[in-house]
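Using the sequences provided together with the hints, build the complete structure.
Residue strings, one per chain:
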Amino acid sequence: MSGPDAIGEGNNKTRDAVLTAVAAVVFAAALWLASSNLDGYKLRIINLIAINAILGLSLNLIYGMTGMFSLGHAGFMAIGAYVSALLILSPEQKTTMWILEPIAPWLLNVRAPFVVSLAAAGLAAAFFGWLVALPVLRLGGDYLGIATLGFSEIIRILITNLTPITNGSLGLKGIPAHTDIRMSYGCLAVVLFCMVRLMRSNFGNVLRAVRDDEIAARTMGIDTFRTRVLAFTLGCFGGGLGGALMGNLITTIDPKMFMITQTYSLLMIVVVGGLGSITGSIVGAVVVTTMLEWLRFVENPVTIGGVNIPGIPGMRMVIFSLLLIVVIIFRREGIMGMREFSWSRLFRGGSGGGGRR
Amino acid sequence: MRKLLPALLICLLAAGGAFAADDVVKIGFFNCLTGQNAFGGQLELEGAQLALSEIPEVLGKKIELVVVDNKSDKTEAANAVARLIERDKVNAVIGTYGSALAMAGGEVAEAAKIPVMGTSCTNPLVTQNKRYYFRACFIDPFQGSGAAAYAYKTLNFKKAALLVDVANDYSVGLGSFFKQSFEKLGGEIVSEMKYNSGDQDFTAQLTEIISKNPDIVFLPAYFAEGAIVLKQAKELGATFRFMGGDAMDNPEIVTLGGDAVEGFLHTTFAYDPSMKDMNPVAQKFTENWKAKYPDKEPNVNAALGYDAFILVIDAIKRAGSAEPEKIRDALEATKDVPTVTGLTTLNETHDAEKELGIVEIRDGKKQFIGTITP
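Same order as they appear, the protein sequences are chains A and B.
Residue numbers for the first sequence follow numbering that gives the first Met the number 0, so the first one is 0 and each next one is one higher.
Residue numbers for the second sequence follow numbering that gives the first Met the number 0, so the first one is 0 and each next one is one higher.
In short, the hints are calculated from the structure, not lab data.
Mixed in with the good hints, there may be bad ones.
Pairs of lysine-lysine residues, derived as DSS-like cross-links and limited to a Cα-Cα distance of at most 30 Å, are as follows [claimed, not checked]:
hint	chain 1	residue 1	chain 2	residue 2
1	B	K183	B	K193
2	B	K112	A	K41
3	A	K41	B	K61
4	B	K158	B	K193
5	B	K60	B	K289
6	A	K41	B	K325
7	B	K211	B	K230
8	A	K41	B	K25
9	B	K233	B	K193
10	B	K25	B	K230
11	A	K41	B	K129
12	B	K289	B	K25
13	B	K152	B	K183
14	B	K25	B	K88
15	B	K178	B	K364
16	B	K88	A	K41
17	B	K88	B	K112
18	B	K364	B	K152
Take a look at the structure:
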């Protein structure tokens, strides 16, 4: 586990800060090079990694760091995606798209720039997260999972039926493709910075205390309910932000995108990476996103020694699931476990290196 | 050895890439081969593959069909089209079942300026304001008004009810266009009920509809739910008729619904293996299909997969070039091309204009009644 390093000397701190800054610059340069040299397909995957990392981090804050088993992330993504899309679309686009029922008049002329819409998306999701948290977070464990799952379904059904506002099941299309490398990694950097600072602060310790033993934490005078509500709301902000970025990457959204399977795939990223590890969520996002695309080659028809084997669709999902099973059998705590990447571990030649920060 | 294996794999992949030559026309194919819409996507793929085996070459070059699965998922659909265009460098793309997936993929193709031929994505929004997206199918408003005209004029029904799947864009769209046309013709919609995809119990909605005593109920459902609705309506003693859209066009419906589907009507594309006076293309398609897939009945999805392929190849021939921009221009000029589902003309919104077929289930079998042109 990381946290404030009690024995860390001043020397090491400056060294680490410099190394972090250098790594950030190198990484930014690599991204800049990538965005001008790689093709659209690869850039799309790189973009998706950032979005999945944001979503994974925000779910990890709720589940991994604070120990609240939430299955509602897809619902908060939906709120973010819709808020952002409705703010970006032009009035002309809106009138042509609402073919079943006319759009609500107050919504027609509401517009905001992309960055503002991202903030609004996060805030809207956080607000709904807070509303849900008040009654629901009195539950714990599996009950909380079921309650949040129900809430995410309610959001989806509301979106399906509020046709004048959301265009119902027809969904929205033609959202300008604002999510580029700069945007998605800019957001990821901000989210990452906030997460690292948060987890190193005393509040991070409070969160861990609540997760590890709620009764003990309460005995020590921690208002556990307030702590959990705060963590949940922050996590929902990330969910809304990620949803908005996702909508602007795919350029079209509809309620079916935000089914429970969306939450499962985020959960997969968090669990494979390591519950409670910031580095883990990022490693998880990289591994899951790239593997799913990279494994496509197993579905192609192959000719080996004159024998033609036709491609079997769905094969990559089989192999991917096998890989997941292997990870869970041999590393039950995920790739990173609860460890974090740190420079000193890297120099000591410890086993925890590999991620980036 | 452990280190050798990845190296070996990379060599194999590289070797595979090296064989790709210039004298090949690459057609990308993205569709739902897995996931919830897999039954439709698979049939469309088999239809396209049948067409490929009949037309293996165009302009003296070999045609290669590059198939990518979109898992019935929007993010994957966008990735799949990006992969076809950037990595496989296809000249044109065919796909997909499911309008939401077509919209996600269409945006990528639009940016890359590669023409796409949709198979069975019938939502009007798919081709709206798109320069590069076309489709081999007609659109929901067309089918909705055709069904309304048939119910009102031919069957002389004046009172209709709707039972619509609110979670399904196809169902909502088709239902709403049926309602508009039916009311315009002078008919009355006596009841509008809703359900959600995956529901199993429709007795509440059906009881309400029965109390309003309509002549016909329009049911724009997918066949899985549609069959259950028909079963439960029979159990409740409903006497009115039911009518559905092309998504009910699946051989499974009789298996699922048993004798409850007797007398069920649905609109569809102008093709069915039970058709009496088939056009020559449809005849050839049916014969070749039965030879290639003897244990499978062809249906409209298979026919549309086949048609989409034919339309793209036709455009390449007329363009005299496999350049994406020229294929696009030729596609725009598509007029009266003979396809399985009738003569196909692509109109100014890039949607196919073709006849609408009417099918009725009689004696546990699909019977093609005839075609109408709304």
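Tested hints:
Distance restraint check for K183 of chain B and K193 of chain B: the Cα-Cα separation of roughly 22 Å lies within the 30 Å cut-off, and the hinted pair is therefore satisfied. Between K112 of chain B and K41 of chain A the CA atoms are separated by roughly 18 Å; this keeps the pair inside 30 Å, and the hint holds. The hinted pair formed by K41 of chain A and K61 of chain B meets the criterion: a straight-line CA distance of about 28 Å does not exceed 30 Å. Of the pairs offered as hints, the one joining K158 of chain B and K193 of chain B holds, with about 18 Å between alpha carbons and a cut-off of 30 Å not exceeded.
Simply put, K60 of chain B and K289 of chain B have alpha-carbon atoms about 28 Å apart, close enough for the 30 Å limit, and the pair holds. Restraint check: the Cα-Cα separation between K41 of chain A and K325 of chain B comes to about 27 Å, which is no more than 30 Å; the hinted pair holds. Taking the CA atoms of K211 of chain B and K230 of chain B, the gap is near 19 Å; set against the 30 Å cutoff, the hint holds. Annotation: proposed proximity of K41 of chain A to K25 of chain B holds, straight-line Cα distance about 20 Å (limit 30 Å).
Straight-line distance between C-alpha atoms of K233 of chain B and K193 of chain B comes to about 19 Å, which keeps the hinted pair within the 30 Å bound. For the hint linking K25 of chain B to K230 of chain B, the alpha-carbon distance of about 46 Å lies beyond 30 Å, and the restraint is violated. For the hint linking K41 of chain A to K129 of chain B, the alpha-carbon distance of about 24 Å falls within 30 Å, and the restraint holds. Under the criterion of a C-alpha separation no larger than 30 Å, the hint pairing K289 of chain B with K25 of chain B is consistent with the structure, at around 27 Å.
Proposed proximity of K152 of chain B and K183 of chain B is supported: the alpha carbons are some 12 Å apart, at most 30 Å. Under the criterion of a C-alpha separation no larger than 30 Å, the hint pairing K25 of chain B with K88 of chain B is consistent with the structure, at around 7 Å. Taking the CA atoms of K178 of chain B and K364 of chain B, the gap is near 29 Å; set against the 30 Å cutoff, the hint holds. As the CA atoms of K88 of chain B and K41 of chain A are separated by approximately 14 Å, the hinted pair is consistent with the 30 Å bound.
A hinted pair counts as satisfied when its Cα atoms are at most 30 Å apart, and K88 of chain B with K112 of chain B qualifies at roughly 12 Å. Only pairs whose Cα atoms come within 30 Å are accepted, and K364 of chain B paired with K152 of chain B is accepted, the gap being roughly 25 Å.
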